[in-house]
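Residue 231 in this note's numbering sits at position 234 of the sequence shown; the count goes up by one each step and never skips.
You can take every hint at face value.
With a straight-line Cα cutoff of 20 angstroms, these simulated PhoX-like cross-link-like pairs (lysine-lysine) come out:
| hint | residue 1 | residue 2 |
| --- | --- | --- |
| 1 | 93 | 128 |
| 2 | 121 | 145 |
| 3 | 84 | 49 |
| 4 | 133 | 121 |
| 5 | 157 | 257 |
| 6 | 116 | 145 |
Pairwise CB distance ranges, derived in the manner of DEER restraints:
| hint | residue 1 | residue 2 | range |
| --- | --- | --- | --- |
| 7 | 61 | 156 | 45 to 51 angstroms |
| 8 | 166 | 83 | 49 to 55 angstroms |
| 9 | 19 | 163 | 48 to 54 angstroms |
| 10 | 83 | 275 | 53 to 59 angstroms |
| 11 | 73 | 111 | 20 to 26 angstroms |
| 12 | 294 | 111 | 33 to 39 angstroms |
| 13 | 70 | 242 | 49 to 55 angstroms |
| 14 | 272 | 111 | 45 to 51 angstroms |
| 15 | 224 | 277 | 14 to 20 angstroms |
| 16 | 28 | 254 | 43 to 49 angstroms |
| 17 | 171 | 22 | 32 to 38 angstroms |
| 18 | 61 | 115 | 20 to 26 angstroms |
| 19 | 62 | 174 | 49 to 55 angstroms |
| 20 | 171 | 15 | 38 to 44 angstroms |
It should be emphasised that the hints constitute simulated quantities derived from the structure, not laboratory data.
Here the structure is a predicted model, which is why all the values come from computation and not from measurement.
Just so you know, even glycine gets a beta-carbon here, dropped at the ideal spot from N, CA and C.
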Amino acid sequence: MTTISETSDHTYVHFLNNVKSKYIDTRIRSVQTVNRNLIDFYWWLGEQIAEKQEQLLWGDGVIERLSKDLMKSFPDRAGFSAQNLWKVRRFYNEYKELPILSQLVIELPWSHNLLIMSKVSDPKAREYYLKLTRDKVLSRDMLALQIKNQAYEHHILAIKQHNFQKTLSSDLANRADQIMKDIYTFDSLGITQPTVEMEMELKMVEKIKQVMMEMGYGFTFIGNQYRIRQNNKDYCIDLLFYNRRLQALIALEIKTGAFKPEYAGKMNFYLNLLDDYVKEPHENQSIGIILCSERDHFEVEYALRDIHKPVGVSEFKLTKVLPKELTDMLPDPKELELHIRRELGENYNF
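Go ahead and model the full structure; you've got the sequences and the hints to work with.
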């Protein structure tokens, strides 16, 4: 018999990884099955309560009585409080005539469903957050943050400023529009206590990278200060992504001040370099997004009018105030941009 020590280490490691992967996958599917069964039960229970009240003219007192009887029969089980039974009935009533949403809610935990039901009223917005949570596997806290930051309004409803319809095919322009937001929100730098300046700079850059990944699905981060060397000169792009759905490079330029018309020309220049020296033959033309702390819509419209490469302009904002003891540590906007550039590895004047 061959012993483990006599086998290839590589073969055993591969075998071990397969076992672990299978176990993790089984656990995940088990949790998903339990959650689906619970949501199915709540749906059935909400339907039963609603129908009995309508058909038998039972008053609201039946919910209080049912709660007491169920908690007496199942004292170790949560979910049978009168408050939750009211939510169960509402859950059924609000989704029973919306087949698309009623299928989506089954895929989310109960706590996520309650959050969406309590904070979002518009069916289209609910569909957006249900799909977002499912596709990005958002925690409840992350979902709450997306709702608070009005992700639906900024991602779907907002009139975004770009020239995609003039510079891309109709299908690609629509897809590019879907992956872009009008406003990107930084929920703070994640600092809760005094820290050294370098750590704060690192948090700035990491937060920027995280938020940029919210631009849509299929994004892969390639690098920061992406360098293109031509004609004995180095040209650096702040952040470079690749989007599998668009099959295109996405160049991102960060400006902590207000938008300036000349930014559009500079981005157009970078996109020309990417298309000529970086883009693969089978890929679509590169797309640029300029991220500013504020913008004048008139200036953006006219700056993009004669730009022949696909460019969009978005804003970013901070939503949380830092602790009082950190207020004096924050640089002004120009200093902030210099900090970010330095951390990204580029040193030049603005």
